[in-house]
Amino acid sequence: MASRIVLFQLILLLAAAGPALAADPPGIVPATQAGGDSGSFSAGRGEQLFTTRGRDWSCATCHTADPRNPGRHTVTGKAIAPMAPAVNPERLGDPAKVAKWFRRNCKDVFARECTPQEQGDVIAYLRSLGK
Amino acid sequence: MNIPVRMYPLVILVTATLLAAATAPAVADGKRKPSPADPAWQEECGSCHIAYPPRLLPAGSWQRLMQGLGDHFGSDASLEPQRAAAIEAFLVANAGRSKDGVTAPPLRITETPWFRGEHDEVATAKWRSPAIGSPANCGACHTQAERGSFDEDEIRIP
Chain X
1 MASRIVLFQL ILLLAAAGPA LAADPPGIVP ATQAGGDSGS FSAGRGEQLF
51 TTRGRDWSCA TCHTADPRNP GRHTVTGKAI APMAPAVNPE RLGDPAKVAK
101 WFRRNCKDVF ARECTPQEQG DVIAYLRSLG K
Chain Y
1 MNIPVRMYPL VILVTATLLA AATAPAVADG KRKPSPADPA WQEECGSCHI
51 AYPPRLLPAG SWQRLMQGLG DHFGSDASLE PQRAAAIEAF LVANAGRSKD
101 GVTAPPLRIT ETPWFRGEHD EVATAKWRSP AIGSPANCGA CHTQAERGSF
151 DEDEIRIP
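Protein chains in written order, with the numbering used here: chain X, 1 to 131; chain Y, 1 to 158.
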């Protein structure tokens with residue numbers, strides 16, 4: 001049951017992370033949108049996961065330890081636009097895209113999929129970052 | 001057929017040229033018009049690297065590659081089956097020529113005889129330099145690679 005609630009909150013979070021949110025004041029995440037440390041998601045835990053090394057990489061390997069910065073694909077060298085919506089409003093706008101990249105990149109980094117809780121924490125972290 | 005000894009260099013040159021032409025994909029000289037683009041291919045294949053033009057590998061290579069997206073050179077590049085099938089159809093329809101008699105089709109563009117021949121003057125250390133990083137990073141030197149153009153005149157080695 002608990003995991004279903006988390007999943008529901010994640011869906012809300014993803015939905016709330018749509019284009020309408022691009023106009024939110026940087027760093028302020030209304031509680032109704034379940035970002036920051038509100039709800040059951042924690043930006044702090046998200047940050048920790050973001051920099052945790054799995055097999056060879058962490059999220060920060062390609063995205064840098066500050067998701068407001070542009071990153072670089074560690075294998076191909078291709079530039080990656082910043083992950084933080086405050087500096088890149090396109091991020092977190094498309095729930096299908098968010099789900100796709102969590103699925104792929106969590107497998108790349110941790111050799112498993114991330115739980116809805118972990119995904120929500122990382123989203124909360126990304127949305128907590130101001131410009 | 002008796003060929004005078006003084007002609008040997010010419011014979012070797014012509015043979016090598018013919019062989020190179022036979023093993024090259026449709027666009028060895030980079031001068032021909034870019035492949036047609038496809039929005040799904042552009043988006044899905046162009047996220048972690050540039051969307052490599054279909055002509056750079058033969059159809060058999062693309063088919064093998066698209067069947068193994070779950071482990072795409074060490075990364076998970078999995079796609080919804082329908083989207084993957086659509087992209088595969090685009091790649092196959094615009095693929096380069098395959099070389100008869102070759103065993104398994106190569107998965108890496110950088111492993112094709114054509115690629116190696118075209119880049120044999122680039123030293124290993126150059127590939128690894130911070131500005132390039134990897135031979136997969138076409139755009140580091142081919143300034144118009146993003147739009148599928150690899151013209152000699154557009155090369156700027158950093």
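To be clear, the hints were calculated from the coordinates, so they are not data collected in a lab.
Watch out, some of these pointers could steer you wrong.
Which chain X residues face chain Y? A few, computed with CB under 7 Å, are given here [to be verified]: (1) Gly71; (2) His73; (3) Thr76; (4) Lys78; (5) Arg104; (6) Asp108; (7) Arg112.
No residue lacks a Cβ here, since even glycine has one placed at the ideal position from N, Cα and C.
Going down the list of hints, with the structure as the test:
1. Gly71: Violated, about 11 Å.
2. His73: Hint on X/His73: holds, closest Cβ of chain Y at ~5 Å, below 7 Å.
3. Thr76: holds, 4 Å
4. Lys78: Given a least distance of 5 Å, the restraint on X/Lys78 holds.
5. Arg104: It holds, given that the least Cβ distance between X/Arg104 and chain Y is near 4 Å, below 7 Å.
6. Asp108: holds, 5 Å
7. Arg112: Violated. Min distance 11 Å.
Hints 1, 7, counting from the list given before, are not met by this structure.
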